[in-house]
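If you read the protein sequences in the order shown, they are chains A and B. For what it's worth, my numbering labels the leading residue of the first sequence as 1, then goes sequentially. For what it's worth, my numbering labels the leading residue of the second sequence as 286, then goes sequentially.
These are computed hints drawn from the structure, not numbers from a lab. On a predicted model such as this, the values are computed, not experimentally measured, just so you know. Keep in mind that the hints are not guaranteed to be accurate.
Claimed, not checked - Chain B is faced by these chain A residues, among others (derived, beta-carbon under 7 Å):
1) Ala-177
2) Met-184
3) Ile-185
4) Leu-199
Note that beta-carbon positions come from the ideal geometry of N, C-alpha and C, so glycine has one too.
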Amino acid sequence: MISMPALLGLLAFVVAPFLLAVVLGFSNLRLGSPLPLEWVGFEQYRRIFADPSFTRALFNNLLFALVVVPLQTALALVLALLLNRRLRGIALFRTLFFMPVVFPLSLVAVVWILIFAPGPNGTMNAFLELVSLGAWTPHDFLRDTRLALPAIMLTSLWQGAGFQMVIVLAGLQAIPAELYEAAMIDGAGRWQQFWHVTLPQLRNTMIFVVLVTTILAFRLFDQVQIMTQGGPHDATTTVMFEAVEAAFTRQQVARGAAMSVVLFVVVLLISWLQRRLARQEREVA
Amino acid sequence: MAGVEYRHVDKTYPDGTRALSNLCLSVGDGELMVLVGPSGGGKSTALRLLAGLDPISGGEIWIGDECVNALSPQRRDIAMVFQNYALYPHMTVRRNLEFPLRMMRLGRSATAARVNDTAALLGLTPLLERRPRELSGGQRQRVAMGRAMVRQPRVFLMDEPLSNLDAALRTQIRAEIAGLQRRLAITTVYVTHDQVEAMTLGDRIAVLNAGRLQQVGPPQVLYDRPANTFVAEFLGNPGMNILAAGLSRDRRSLQLRSSGWEIPLAELPQRCRELAQHLAGPFLVGLRPEAFSPRLGTTTEMIVETVESLGHERLVTVRPAADTKGGGQTSLVARLRGGQAEGAGQKIELGLDGEQLRFFDEQGDLMG
Ligand SMILES: Nc1ncnc2c1ncn2[C@@H]1O[C@H](COP(=O)(O)OP(=O)(O)OP(=O)(O)O)[C@@H](O)[C@H]1O
Ligand SMILES: [Mg+2]
């Protein structure tokens, strides 16, 4: 009874749109089209999987997740470990690292467009030239098929690591100091304490972080939209980007709906897989 | 195997709290030393300094023939049982017991052998594959003991290891700890705020109050001849009655102020009499509750305030009948045999055993 409002909310804002997407995915709806509305079964799905842009988008999302999730989680962990100390001014550092999170993604993307500016005066080009002692030749990152996706990965890392750092930091601070004291007395050095106390105690936090990062990786859109428009040659396109393009630019609503259903199923599958892995490990460890 | 020595140890926390002042204490090889005292007395601090968990502010700590001031906890070869046990929650009991041995890089078969021996000794064998959260409080306590024991360290440290257990279990495990410690003969520093635990467990007891060592000695010595009124009142349950006293004008009798008691010196044992003769001004007299008895020497009329009957004995709080103001300050606690209960307000005659009188100067330090 008490959960009624929550259930209603869930129905209205989550289940209904999703069902609508599923229903639309079986139609041929296209805004402004002279053709009559028809039920076409799995035709839309057959078409999108035959579309090289869409399969490239799926591949890009997968690659993005495979690179960004481990890197970003590791980066967040390292930052959190560095910032989990009682030093003067540590709050300032914590705030600094968290700042990218509160910047709007669009702003972040614009700033990184400037950083990736082509020619020797672009910040990234200049930096790489400096650290490679002049061996680096300037590239136009966002228009280079090999460099565009890594450039977007870097932007996302920079933007997202701070948030996870805060979550990991909270997890670190919830570990009882007594466990470290016991470990020290039992003869564990710093590295062993990290391995035998910190990591196992952070388990649930890390599972959460990995799960959220994975989901965010599959919903990648803003950076792509602003920085590369999916290009060059679909090098940075993503499922979300393709879906939005289809539904809003080309007004192929049914096609966009089918794509978002695929995205939903993929995300669901991955979350379920991760949870299963996590549970198994809990039983074994 | 090694003794422990605190040499003029000071500890001031960064916020300025002075937790220990000039602590000098030596614990013999294989001895069980109990640190006891009220909350905030500095017991845990003394233990943490010995473990190396907090830096020392002044003085030296020695383990065996080595000054450990600069040694990290890892290199002190000590083991500790924490109040909340601090078991590794993600490890099974077996893993918990193995942990210190793995850190020592002991071989696999030696590790297994030691873990199995320790588990058998503590009755943990059937629990080896469980996690700490699947154990009862008493079982967790045993695992914590086991984790400390497997290593066969130079020194055991225990910080109120029984305080989370119920009374019956506490008595049982207390006896087990005493037995194990004697068998293993490992130097042990045991912290408690429970004076019963201290009395029953320690080879010697060290009483700490407000960061200062009050007295060290075997339990019976501390009980019989407390160095000051703090120790006198802290040990024993209830503690010693402390009364202001003086000699009568003619120096023939001892007057316990505001209790209406006047005891002719002739009735007191020789030692008391001699000591009392030297006292000019006011001083303090201490009396254990068991020093009172209904018919003994000169008796005084007392009014019963409360009675706590424990079956075989009763603790009677009394107020001298002569003290009409009452007010509770002059209440004395007497331990009387037997179970028959007086009613509150009833008058009884009490005498006292001069043998058990203790004299303290005005500062509260024992005289004679
Ligand atoms: N980390 C700390 N920072 C500042 N002051 C502290 C710290 N730890 C303890 N103290 C202070 O030092 C004094 C001694 O504390 P300690 O924990 O040694 O007492 P204790 O005898 O173990 O008491 P209890 O029986 O309550 O455990 C107390 O006044 C306490 O407030
Ligand atoms: Mg304490």
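Status of the hints after comparison with the structure:
1. Ala-177: It is violated, given that the least Cβ distance between Ala-177/A and chain B is near 9 Å, above 7 Å.
2. Met-184: 4 Å, holds
3. Ile-185: Constraint on Ile-185/A satisfied, holds at 5 Å.
4. Leu-199: At 9 Å from the nearest chain B Cβ, Leu-199/A fails the 7 Å test, so the hint is violated.
When the structure is compared with the earlier hints, violations turn up for hints 1, 4 and for no others.
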